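**Student:** Residue strings, one per chain:
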Amino acid sequence: MSGTFVGMPAFPEAAAEALRNAQLRTNLAHATGTIRAKRLAVVGEVEGWEDLRRAGAAIKDEVLLHLDEHLVELERNLQAAGATVHWARDAAEACRIVSGIARSHRVEEVLKIKSMVTQEIGLNEALAADGIAAWETDLAELIVQLGDDLPSHILVPAIHRNRAEIREIFLREMGGVGRPAPADLTDDPARLAEAARLHLREKFLRAKVAVSGANFAVADSGALVVVESEGNGRMCLTLPEVLISVVGIEKVVPTWSDLEVFLQLLPRSSTGERMNPYTSTWTGVVPGDGPQEVHVVLLDNGRTRALADEVGRQALRCIRCSACLNVCPVYERTGGHAYGSVYPGPIGAILNPLLQGPGHDEQTDSLPYASTLCGACFEACPVLIDIPSILVDLRAQVVDARRGGVPGGEALAMKAAARTLGSARKVRRAERIAGLVGRLDLRGRRLPGPGKGWTRERDLPQPAREPFRAWWKRTGGRG
Amino acid sequence: MSPGESSGTNPARDAVLAAVRRALAGTDRAPRAARHRPAAGRPADVDLFVERVRDYRAEVVRCRPDEVAGSVGSALTGVAGVVVPEGLGFDVDGALVDDGLGARELDAIEGVVTLAAAAVAETGTIVLTHGPGQGRRALSLVPDLHVCVVAAEQVLADVPAAIEAVAGQPVTTWISGPSATSDIELIRVEGVHGPRRLVVVLVEPRS
Ligand code: SF4
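First to last, the protein sequences are chains A and B. The first sequence: position 117 = 117 (this note's numbering), numbered continuously. The second sequence: position 108 = 108 (this note's numbering), numbered continuously.
Treat the hints as calculated values from the structure; they're not laboratory data. Predicted model only: the values in this text are computed from it and were never measured. Beta carbons: idealized from backbone N, C-alpha and C, even for Gly. Treat each hint with caution, since some may be false.
Which stretches of chain A does chain B cover? Using the computed rule of at least three CB atoms under 8 Å from a CB of chain B, they are [stated by the list, open to error]:
#1 99-110
#2 292-304
Derived, one-sided and incomplete: chain B residues facing chain A with beta-carbon distance under 7 Å [unchecked claim]:
#3 Leu101
#4 Ala103
#5 Ala117
#6 Thr129
#7 Gly131
#8 Thr181
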């Protein structure tokens, strides 16, 4: 099982399809524009934001370069706090572990807190195959699940749906899986949220087993951290008897005090809030409070593959804030579905190929081309991931893989560009190079392999002839 | 065999750790650079705390130490059923003291009153560590109204100060306003699964 949605067309076709979907484009432009503005305002409030970004990147680099030691320490502290620690090499193994725990409690359902990693491993489908229903409890995920749909944005997965559609989905689907929506439901967002509250409350109160991810796992204390807005996370972490958390091995931070950096970086970069409504931390089993059986599944599933990639390794710093999506001109015009994967946008364009390796499949190989290399993602990223350099390096890897390992002209040009990008510290410089690479790749001639499809679609976003910041200044992001 | 080496009993664990070591083979594992530390001793601004809590559309009531019970009572006007944790330190009229109520029993109660462990001025956040007077986690989650009593001297300047204040606590909950969602057309709705109303009663010494 992979992180790529099975049967999805490669990015160029999917993007062309999405471009024809006017509602998706309008909603996305509104969403990304709104979140961008909020983010800029709350980031501007913080003195020393650049220092914080550097601190975040440095902590994550420290984790990655000593990942084995931090994982062993995390495991020891989790066990000392009464948690059972499991290890999973891949998606199938993680799903087997979770399903095994659920089945040992003879439950027919589990509750879920929105978590990208459980989507990545296809947990809901695996549980369904074992006769266990997995209920999503995040409002957007609930909309997506009830609508039998795919999420389109990390943060607001149902942004492609408007309120009238959501009302219809609730009226049509809720009754079949639990408490029905009130018959007089309107499309007022407050009423829709209330319908979700009533529908899920019943499930929270009877839940025996919940499955979560974690935003951070603290090695020196064994604490897991979940950052959320709605309170569905707190419900799942608190009310059930059994809690299973699936945690990617890159989620470790060394010490409790490192959280001071990430609890500042994440909410401001993500929802553009000073602080998200709820953050929960817990250390194993807390006597008399919450689940008395706690499992943690530490997941590899390609992360050690990404770790071995010297250029791409930094992608594992990602804290899934989605800031890079909201500033990406390609993402804004095509939406998350076009990436055909759990991880969309600029981070998806590097993470999916890094987790799976070049030459894995057409869809994944096409992702490093889903960018104009404008550098806006790098500028927004709270942990300073140099996405443009990784993209260029991955393009070279894809071309190599498709040529049977012999680097050709494009590959060499891209390797050179990757080196230049890698050494460039200034985004301005990256933007100039981006313009160059854009012309080289897309205007001069058509690319072989995955790049070819991308260049065929003429109504796709143009390469950055105009640097992103110039475009932004000129249009205020509306152009 | 050093700690963390193969135990021989868990092949998945051994494989993942071995893959990590392979991936890092040949990499310079130098110790990391100096980390960001919190700006020491920044004084907390209580007025800023009040403003930032209100930004989340939570309510703030400011009162003197001898007015706490009265302010809490007013915040609970018209609320059907109130639960309090042990160790609250003052009486709430007609309130049930939590003795391990079940989730369904809690669901039938409309309001809860707790203390906090700390608060953050810069972000308008209250932090619970669920000790005496704060109650277990479900208590301040299931009822629809959360009244939280915070002493002015508990208000810290920023997130780093609060992280330090609650270090070593097995469980913490950071609350910034009522539960909220922007999942429908990005329109903010206060109140999804957690309490839909948050009232912070801020207790300030007489000056
Ligand atoms: S790559 Fe950076 S900006 Fe994008 S989601 Fe990850 S942390 Fe956020």
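**Student:** Hint by hint, note whether the structure agrees.
**Tutor:** Verification of the supplied hints:
no., hint, in the structure
1, 99-110, "violated (count 0)"
2, 292-304, "holds (count 3)"
3, Leu101, "12 Å, violated"
4, Ala103, "5 Å, holds"
5, Ala117, "12 Å, violated"
6, Thr129, "10 Å, violated"
7, Gly131, "10 Å, violated"
8, Thr181, "5 Å, holds"
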